[in-house]
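Each chain, letter by letter, is given below.
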Amino acid sequence: MKNTLVATKSFKVKGLSFLSVLMILLLWTLLSTLKWVDPIFLPTPQSVLHSFISLVVEGYKGTSLVTHLSASLYRLFTALLLALLTAIPLGIICGYSKYILAIFDPIIEFYRPLPPLAYYALLVLWLGIDEGSKVALLFLSAFAPLFIATVASVQRVPQDRINGALTLGASKFNVFIHIILPSALPDIVTGLRTSIGITYATLVAAEMVAATSGIGWMVLDASKYMRSDIVFVGIIIMGLIAILIDSIIRFYQRLAFSWVGK
Amino acid sequence: MKNTLVATKSFKVKGLSFLSVLMILLLWTLLSTLKWVDPIFLPTPQSVLHSFISLVVEGYKGTSLVTHLSASLYRLFTALLLALLTAIPLGIICGYSKYILAIFDPIIEFYRPLPPLAYYALLVLWLGIDEGSKVALLFLSAFAPLFIATVASVQRVPQDRINGALTLGASKFNVFIHIILPSALPDIVTGLRTSIGITYATLVAAEMVAATSGIGWMVLDASKYMRSDIVFVGIIIMGLIAILIDSIIRFYQRLAFSWVGK
Amino acid sequence: TSGSENDVPKEIRLGYQASPNGELLAKARGSLEKKYPETQIKWIKFESGRDINNAIAGGSIDFGLVGTPPGAIGVANKLPYKVYYLHDIIGESEALVVKKGADIKSLEDLKGKKIATTFSSTAHYSLLSALKNKNIDLKKENITLLDMQSPDILAAWNRGDIDGAYVWQPLQTNLIHADGNVLISSKEVAKQGSITGEFGIVHEDFAKKYPNIVKGYISILNESVNYYHKNPEKSAELLAKELNLTPKQSLKTMQQLTWLNKSDQKAYFQSNGKLAHVLKDTGDFLEAQKDIPSSPDLKTYQQALLNNFSK
Amino acid sequence: MKTSVAVEERPKRVHKPKVVDVKSVDFAYAQTKREHLILQNINLSLYEHELVCVLGPSGCGKSSLLNILAGFQHPTTGTVMIHGDEQTKPNPDVGVVFQHPNLFPWLTIEKNIEFGLKMQKVAKEERKQLVANYLQLVDLTSASKKLPHQLSGGMKQRAAIARTLATDPKVILMDEPFSALDALTREVMQQHLLTIWNQTKKCIFFITHDVEEALKLATRIIVMHPKPGRVVLDTQNPLQSGRYEEGTFQYHEKFMELRQFFISKIREQA
Amino acid sequence: MKTSVAVEERPKRVHKPKVVDVKSVDFAYAQTKREHLILQNINLSLYEHELVCVLGPSGCGKSSLLNILAGFQHPTTGTVMIHGDEQTKPNPDVGVVFQHPNLFPWLTIEKNIEFGLKMQKVAKEERKQLVANYLQLVDLTSASKKLPHQLSGGMKQRAAIARTLATDPKVILMDEPFSALDALTREVMQQHLLTIWNQTKKCIFFITHDVEEALKLATRIIVMHPKPGRVVLDTQNPLQSGRYEEGTFQYHEKFMELRQFFISKIREQA
Ligand SMILES: Nc1ncnc2c1ncn2[C@@H]1O[C@H](COP(=O)(O)OP(=O)(O)OP(=O)(O)O)[C@@H](O)[C@H]1O
Ligand SMILES: Nc1ncnc2c1ncn2[C@@H]1O[C@H](COP(=O)(O)OP(=O)(O)OP(=O)(O)O)[C@@H](O)[C@H]1O
Ligand SMILES: NCCS(=O)(=O)O
Ligand SMILES: [Mg+2]
Ligand SMILES: [Mg+2]
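Residue numbers (the working numbering), protein chains in the order written: chain Y, 1 to 262; chain F, 1001 to 1262; chain V, 2001 to 2311; chain Z, 3001 to 3270; chain C, 4001 to 4270.
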């Protein structure tokens, strides 16, 4: 992932973006309200808003929207936490030693490009249809990019910086704690952003098999009953959450890593 | 995507990687042949090899393996071609003008992080169950990363280089053809690699709805009948194809862009 | 613009389900291919009615087969199709099969269990109706309903992920053979008032353009049902391949639903006929389940029926 | 520190054709406030076969002035005339050699030098001849088929000079072209530049922060001061570069004195 | 070109304590062939309150020698003794100032200077005092709370020197520490260095490619030649830096002569 494309947003640029969103909403309203497009294909903004409100008030199929959201986010963040706890330590070790890296490299290089749904079938076979396989799928999606970013970030720590610390009397352990970790951290966080992006993209797939809750399941279920309005609500919510999560991390990056690249 | 992690591979490093693969194969053979793990969960390497041969000879469910592969690759490359033909020109224009970019930016920033399966339901509704919706899904996966890479690559062309060409008498058109394009090309190709990676990850999802061919469909179908051996074959083939495609592009990059970053 | 009498399309695309009824027999016998040799006939298999709804909405097929719930959903959503033929009324062919070891003797024993079914299908509808008739609340009893398609249900069953499944044929037979017991079937649920059936739908545009093809296909289906009544063994043998069952098993499944020929259709299609009422009931039930925002009035359902039979 | 070196504050009346004429140029960057003038009231004439070195503290506007001469930026008020025509946009009359070689990295050295000729639709045969000549002039004939990244820093900068020369500009602007080179290479490049300058008799506008370099190369030295950028000294170089011969000039009795004079002049306000 | 400047080829016998002793050091990089010696038979003693400048063409092995002194690389044969102990790995007896400031970018200037003290478990109170002293020595007290990227190049390099000084090393190695600075800043930094050196009386090993810088700073000048890297000249600087005062030394009658002598000495083989 990267920052929003338009970096330094002038008033004019912001205005144009705003106008563009407005135009899309207008076009949508026109197309759907005037019935130029069938409402199963394109529900009216009003009906989407109405569905959104009723989702907030009544929930979806007996489960509140918050519960759906938290079910999804729980899966997502459990997987990410597991990935953090495994990919980062392993990545740091592999960044240190190219020999240890050589052991894990072929495995990760092989599974990384695989479509997650391809091995989801196996995961369901191994772990059953419950949360286990869902979290495992998300974990595997999260692991590879985070591991790779961590390895690269450790490999990228300038030798001069390490040498500098050594001549100042730092022990190997201190070099690790006071030099390697803080040097690698910004890149690891950037890797985390990529990782979250990729994992997020797998979220709906993970809720495809035998889920009974989750925002992804909601969208899939609604589509079975041709509830395009709810599909739209779900998609909009998912888009906004993704942007929100990324913004929070970016905000943290700006705050904590003002020194990077300068 | 990035180059294989272990950059300059010494003999020792290669040997370790080889050993690691060997160990995995050995472990697999042991676990499955000695029936420590149920063959439904972990088919023996022999049975996987056997299935592979029978797939090559007889095909899967009346369709030859080559047909399955070409069905998938046809979808993949049609989508990529469409993305190339749209994302690159649009990306170049948006790289030139931040105002035009401001118009498209919010749309792409919104849909980019969405899980593809979330909008697949809509695509199926709009475009039917045939190739149209499959290719559209893959196209949308391919478009965003390629567009973003193109915009960034054009924005990154050094102003000095453009100024230099102007003082040598280049017209605006010549600057575009002889400076912007060749300067941006290496980054665009790198963007293409990312794009292929993301699109490839969506391949199985695209073959989930009403497909009757494709390597992704084969894996999904086999998993429904608990044919783990075929799932394994499918996954291994998919992994190898991904590595092959990426290697080809990387080879081309090394050949054509030896000047980059120097 | 409606087409002329002799208009024949280059291609007819039919979305079918592996249900042991007249359409599957017509497919097995190649009747349509024989009747329209100049036309390319494309049979596309679907696992359930909801996918057929999607396919017809996107214009991917001309004909389809759906159960009453997906049909009601389609009508409620004003999908561009018309109902042209009621293939069958579902009896024992759809049933709740539970694992022998799961210790389930009655619907009340489902407490805390995991049951799979294909959501928005006839089976789902029958299951929910059965539970409702017994006043069993899913939430209170902590019953988990899982949405799966037939092949996934089989895999989940074999792995032991689920305790039971409300399914149709041929899967039902497979589950029974894999240590399953039938707890309740749609026949009983129908007796309680929740009737399910499977009917044919045709895309509006196609019906307008090729009315004669629709009529022609109806006569094929009629002929097919009659053939079955005359030659049940022979029919069972033909369907055995499609269902992937033995001929004997096939025959049994065929007998588990009521096949309807052309003369049987009148009662369902004529003005104020049964089918519109069944659809209306189904739609209202779905509305109560919050599956659809609102069930339209009876007239809307009536208008969705192509009345070829009252004349 | 006071010095009493005698330098003439007015450039000598030169009887060579005028190439560049800068008339009362003010300049401010568009996005900054109008009051923040980067350059104020610049008046400057440059003549053929002149090598003008510009000195001044960092940020005094040297590069900004060069950008205006090149047509990369436009004066806020005032005009720049090149050979009597107003300078409105970058064009091959005004060649630029940047601080970094700025070659097109995907083109061979040969093709880089040919680029400007091709843009100006010089016939193929003639192009070939010209490229060969300029390759020889900068002593790169043997490296002609190489890509820029295969060359050393000094070779690249020479190729950049050849590329600029090939389009036969009326004036060549150079922005600290040798500052990225190591001391020995820099000295060699200075030699090269003087040789080429003597052969082509171009008008060269040369920015440097190295007083020694200015004294070695220039026929005329300009000192600028910041806030706003302006010319505070414009003088003939008493160590006329025409007389330059390696190993002799640095013993010139006035060298150290002049060096000190210019350094203090630059520092005066910095 | 022949010069007849009289420089003593042997360092003057110095009656100061010996800090560094390099004995018959050969060096080759591990991955290259054993025969490709980067350094051959280096013998060198460095004393307290010496400021040794090392000159030599690019690639002659200056940085490699420094890396060995610092313990970043190990001699293939021979030994390096620091205050009588063999140098085996980087340690705070040998301070290093790199070409780029190499500060820890996430730590404030204060924390950067404190880093070495913390690593050596100096008590908090004492640390504070020392940091304050060194901040004052390099005139950065007012910038103490800033992050490195908020400082100018010269300020950063001063902070780096303070950081190294704070751990009280026996010898300070500097690899072209001022080469990335602009001319004016560099001159200021040279002043600073001399002041600090005179106050702390450290032994400083200073690599530069700038002959003028060496003449200005050094008490002793070493010239190296490449292939394999070796010391070809090791001499006291006739313009003893101890006598340095701004504005006077450059008028030293021998300056231009010495400059020319060293340049030709460096070039001899390059
Ligand atoms: N693109 C720009 N936008 C706004 N201000 C600028 C821009 N470029 C330079 N400036 C400002 O204009 C002034 C002059 O800059 P300029 O680059 O011309 O100085 P210079 O003399 O070339 O300095 P140096 O010796 O460091 O290259 C500086 O104050 C600088 O901050
Ligand atoms: N890590 C390395 N591996 C192999 N060879 C190296 C390595 N580092 C330097 N060299 C080689 O060792 C020789 C000496 O390099 P060194 O960096 O010590 O020279 P130097 O005198 O510091 O040059 P400069 O003035 O350019 O900094 C050179 O030929 C260089 O190519
Ligand atoms: N047996 C009918 C299945 S469905 O069409 O209702 O999904
Ligand atoms: Mg400048
Ligand atoms: Mg060096």
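Hints are not guaranteed to be accurate.
FRET-style restraints, in silico, Cβ to Cβ [said to hold, decoys possible]:
(1) F:LEU1025 - Y:GLN46: 35 to 43 angstroms
(2) V:LEU2138 - Y:ILE93: 25 to 33 angstroms
(3) F:PHE1251 - V:ASN2212: 58 to 66 angstroms
(4) Z:MET3081 - F:ASN1174: 21 to 29 angstroms
No wet-lab data here; the hints were simulated from the structure.
Glycine is no exception: its CB is placed at the ideal position from the N, C-alpha and C atoms.
Query raised in the report: What are the numbers of the hints that this structure violates, sorted from low to high?
Result: 1 and 2
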